[in-house]
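Novice: Residues per chain are reported as follows:
Protein chains: 2
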Amino acid sequence: MATHQDKPGYHHGDLRAALLREADQLLREDGIGGMSLRKLAERTGVSRMAPYHHFRDKNALLSALAEEGFRDLKAMIDNARLGTGNDPAEGLRDFVRDYLRFATDHPERYELMFGRPLWKSGEPTDALRDTAFAAFRHYADRIAGLFQNGTLPEGSKPLRLAQASWATLHGLCKLLNDGIYVDRQDMEEVSEEAVRLMLAVLR
Amino acid sequence: MATHQDKPGYHHGDLRAALLREADQLLREDGIGGMSLRKLAERTGVSRMAPYHHFRDKNALLSALAEEGFRDLKAMIDNARLGTGNDPAEGLRDFVRDYLRFATDHPERYELMFGRPLWKSGEPTDALRDTAFAAFRHYADRIAGLFQNGTLPEGSKPLRLAQASWATLHGLCKLLNDGIYVDRQDMEEVSEEAVRLMLAVLR
DNA sequence: AGGCTATCTTGACGGTGTCAAGACTCAAAG
DNA sequence: CTTTGAGTCTTGACACCGTCAAGATAGCCT
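Chains as they are written, first to last, in numbering that gives the first Met the number 0: chain A, 0 to 202; chain B, 0 to 202.
To be clear, the hints were calculated from the coordinates, so they are not data collected in a lab.
Be aware that a few hints might be false.
Copies of the same chain are indistinguishable here, so a pair counts whether it falls within one copy or spans any two.
What the hints assert, rightly or not - Listed next, the in silico DMTMM-like pairs over lysine to aspartate or glutamate satisfying Cα-Cα at most 25 Å (straight line):
hint, residue 1, residue 2
1, K38, E122
2, K38, D140
3, K119, D182
4, K119, D185
5, K156, D104
6, K156, E89
7, K156, D13
8, K38, D182
9, K57, E153
10, K73, D177
11, K119, D93
12, K156, D71
13, K73, E153
14, K73, E122
15, K73, D97
16, K156, D185
17, K57, E21
18, K38, D185
19, K156, E191
20, K119, E188
21, K119, D29
22, K119, D77
23, K119, E187
24, K119, D86
25, K156, E21
26, K156, E41
27, K73, D185
28, K57, E89
29, K156, E188
30, K38, E187
Kindly generate the complete structure, drawing on both the sequences and the hints.
Specialist: See below:
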């Protein structure tokens, strides 16, 4: 029986889960560029074609991995205290810091989640689409709630503002993660300004 | 002599330029993922190792290509009428539309210019670094000029605001180009909101 | 003419994703 | 208990990739 612990696995135990676990580790170490199915298979102690019985192709495996990321992201947004305190500025500032941290603490994961290889080159799985959009909507809803209270400029809609603010956050993370902006201190100030930008629209 | 037209080429004519021209075409057709040196060499009518006498490796060739992109970007910023009219809102709106168009008219080029493969994975050429930062600074200077006039919130600096606004634009382009946001109409509205966000800080 | 160097070529190696065909294992059906 | 059949894993093969190494070629300078 060895390492058998659950139903689904016959030979291995639960190869699918093991692959995802190892893939996450490999992603951290070698980045998305160094992630190869062959290397992954070897590290998991299985032959190169074994993963193909649990994922249609490399794209499907990466999609599953990204899905986990989006679930984490949604949880992060859930845990964020945003409109709880009486000062919306404080909450927004915290949230921006949390989002930046989520992206920069594990940059390869963020790159995978939002990167072109998944969304453009290889058509994203339906499951990935659903999970990702759930996180997006969750984000938009919470931020839109912030804007709901203040008086907005003529023609502004809370949802659109939330999306625009998300673009700002996403842009900051991308610039940081891709190594275009390197100076961390500068970026701290820039994100401060981004917060002010979002707050200015409120009054 | 055949196609000889300038000094540098001995056998071919000017292989370096021909490669860059063909690479740009290949980029449009097959995207950054489908771009391979072998295919490029074949299309240029030359053996697979020939490019290595003009570029140290694939990374160097792509860097040179991206450099051209940044020169184009700088020219685009130069041509943009931003603070010329008496209405700053109008100018900003136009500029945002121009930037979005630059990124989305030729998405593969934008992806190449700002993508991870060049900046993070393969160390960027010094020449690329210089050209890119020149464009960045040019952008920041012009936008900062806009903010210079209005009264800014306590602690805001024009440069930082310019950078933050650039992050917003960059984020929008990325979301659009990577296929995360698909609905063009929505994006139109979101970018409208982004403009309002930037304008709100002015008063 | 001789030599030098820039240029281009072919051969080879290790790496990749994945199609095809076989081998093994186990649960259920006869 | 035996047979079957689906689920799982394996090896072999193919086409593609970037690039190191070594050789062939072409044009300029002395």
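Novice: None of the hints should be skipped; say for each whether it holds.
Specialist: Evaluated hints:
{"no.": "1", "hint": "K38 with E122", "result": "both (23 Å within a copy, 24 Å between copies)"}
{"no.": "2", "hint": "K38 with D140", "result": "neither (40 Å within a copy, 47 Å between copies)"}
{"no.": "3", "hint": "K119 with D182", "result": "between (30 Å within a copy, 14 Å between copies)"}
{"no.": "4", "hint": "K119 with D185", "result": "between (31 Å within a copy, 19 Å between copies)"}
{"no.": "5", "hint": "K156 with D104", "result": "neither (32 Å within a copy, 28 Å between copies)"}
{"no.": "6", "hint": "K156 with E89", "result": "both (22 Å within a copy, 20 Å between copies)"}
{"no.": "7", "hint": "K156 with D13", "result": "neither (47 Å within a copy, 55 Å between copies)"}
{"no.": "8", "hint": "K38 with D182", "result": "neither (34 Å within a copy, 38 Å between copies)"}
{"no.": "9", "hint": "K57 with E153", "result": "neither (48 Å within a copy, 50 Å between copies)"}
{"no.": "10", "hint": "K73 with D177", "result": "both (23 Å within a copy, 21 Å between copies)"}
{"no.": "11", "hint": "K119 with D93", "result": "neither (32 Å within a copy, 28 Å between copies)"}
{"no.": "12", "hint": "K156 with D71", "result": "neither (28 Å within a copy, 34 Å between copies)"}
{"no.": "13", "hint": "K73 with E153", "result": "neither (31 Å within a copy, 33 Å between copies)"}
{"no.": "14", "hint": "K73 with E122", "result": "within (22 Å within a copy, 33 Å between copies)"}
{"no.": "15", "hint": "K73 with D97", "result": "within (12 Å within a copy, 34 Å between copies)"}
{"no.": "16", "hint": "K156 with D185", "result": "between (31 Å within a copy, 12 Å between copies)"}
{"no.": "17", "hint": "K57 with E21", "result": "within (14 Å within a copy, 30 Å between copies)"}
{"no.": "18", "hint": "K38 with D185", "result": "neither (38 Å within a copy, 41 Å between copies)"}
{"no.": "19", "hint": "K156 with E191", "result": "both (23 Å within a copy, 10 Å between copies)"}
{"no.": "20", "hint": "K119 with E188", "result": "between (32 Å within a copy, 22 Å between copies)"}
{"no.": "21", "hint": "K119 with D29", "result": "both (22 Å within a copy, 12 Å between copies)"}
{"no.": "22", "hint": "K119 with D77", "result": "neither (28 Å within a copy, 31 Å between copies)"}
{"no.": "23", "hint": "K119 with E187", "result": "between (31 Å within a copy, 20 Å between copies)"}
{"no.": "24", "hint": "K119 with D86", "result": "neither (40 Å within a copy, 38 Å between copies)"}
{"no.": "25", "hint": "K156 with E21", "result": "neither (43 Å within a copy, 45 Å between copies)"}
{"no.": "26", "hint": "K156 with E41", "result": "neither (51 Å within a copy, 52 Å between copies)"}
{"no.": "27", "hint": "K73 with D185", "result": "between (28 Å within a copy, 23 Å between copies)"}
{"no.": "28", "hint": "K57 with E89", "result": "neither (42 Å within a copy, 47 Å between copies)"}
{"no.": "29", "hint": "K156 with E188", "result": "between (27 Å within a copy, 9 Å between copies)"}
{"no.": "30", "hint": "K38 with E187", "result": "neither (37 Å within a copy, 43 Å between copies)"}
Hints 2, 5, 7, 8, 9, 11, 12, 13, 18, 22, 24, 25, 26, 28, 30, counting from the list given before, are not met by this structure.
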